[in-house]
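Residue 1 is where the sequence shown starts when you use my numbering, and the numbers rise one by one after that.
Derived by calculation from the structure, the hints in this document are not laboratory data.
One or more of the hints may lead you astray.
Distance windows between CB atoms, simulated [as the list claims (entries may be wrong)]: (1) E40 with I146: 21 to 27 Å; (2) W5 with I62: 27 to 33 Å; (3) I127 with L22: 32 to 38 Å; (4) V124 with K76: 34 to 40 Å; (5) T160 with I72: 21 to 27 Å; (6) T36 with F131: 40 to 46 Å; (7) A153 with F37: 36 to 42 Å; (8) T30 with W5: 21 to 27 Å.
Backbone N, C-alpha and C define an ideal beta-carbon position, used for all residues, glycine too.
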Amino acid sequence: MKHNWRMFEIILSGIQICIGLLILFFVYLTCNQYYTFLWENPLMDHQSIVQMAVRKNIALIILSLIAISSAILLIKNLSKGWVTSVITWIMLTTTLIINSYRLNQSNPGELDFISIFILGIITVVFIAIVFALNNIEFKRKYSPTIKNWIFIAISIIVLTALKFL
Numbered sequence: 001m002k003h004n005w006r007m008f009e010i011i012l013s014g015i016q017i018c019i020g021l022l023i024l025f026f027v028y029l030t031c032n033q034y035y036t037f038l039w040e041n042p043l044m045d046h047q048s049i050v051q052m053a054v055r056k057n058i059a060l061i062i063l064s065l066i067a068i069s070s071a072i073l074l075i076k077n078l079s080k081g082w083v084t085s086v087i088t089w090i091m092l093t094t095t096l097i098i099n100s101y102r103l104n105q106s107n108p109g110e111l112d113f114i115s116i117f118i119l120g121i122i123t124v125v126f127i128a129i130v131f132a133l134n135n136i137e138f139k140r141k142y143s144p145t146i147k148n149w150i151f152i153a154i155s156i157i158v159l160t161a162l163k164f165l
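Based on the provided sequences and hints, a complete structural model is requested.
Written out as structure tokens, the structure reads:
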């Protein structure tokens, strides 16, 4: 594998770790808001609010853990790292699109033209990363099998289903 593609893998791994940690941080802030709401409103049903907090964030927690673990495996040059890295970037794109759509449906005026433009650019960058990971150099290096592609498809379906819960 060419040296610049190895650098791409290392940089991509660093970005994945940062994104995974950032997602975990925002999930922590969201859960903290739920718990603050619980303490301020003692008449609310605590169990249902906690279940709602977990249900809304479980897909993001799983995605962040996959992102961090795939980055570590990608640094170690394991084929599982490449597979989970592809899954991570596809799921980041899917999550971004789903969350943007949900935000636009719940608050139509929340996303202005500039926000939509920036989200579109980020989506295109994520898709470009997926295509870059499917480069012939990576396919030669990791030699994916049909099992790898089936695993990718099933993982994406399961994580997308979790996102719609």
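Quick rundown of the hints versus the structure:
{"no.": "1", "hint": "E40 with I146: 21 to 27 Å", "in the structure": "53 Å, violated"}
{"no.": "2", "hint": "W5 with I62: 27 to 33 Å", "in the structure": "28 Å, holds"}
{"no.": "3", "hint": "I127 with L22: 32 to 38 Å", "in the structure": "20 Å, violated"}
{"no.": "4", "hint": "V124 with K76: 34 to 40 Å", "in the structure": "29 Å, violated"}
{"no.": "5", "hint": "T160 with I72: 21 to 27 Å", "in the structure": "24 Å, holds"}
{"no.": "6", "hint": "T36 with F131: 40 to 46 Å", "in the structure": "42 Å, holds"}
{"no.": "7", "hint": "A153 with F37: 36 to 42 Å", "in the structure": "38 Å, holds"}
{"no.": "8", "hint": "T30 with W5: 21 to 27 Å", "in the structure": "36 Å, violated"}
When each numbered hint is compared with the structure, violations occur for hints 1, 3, 4, 8.
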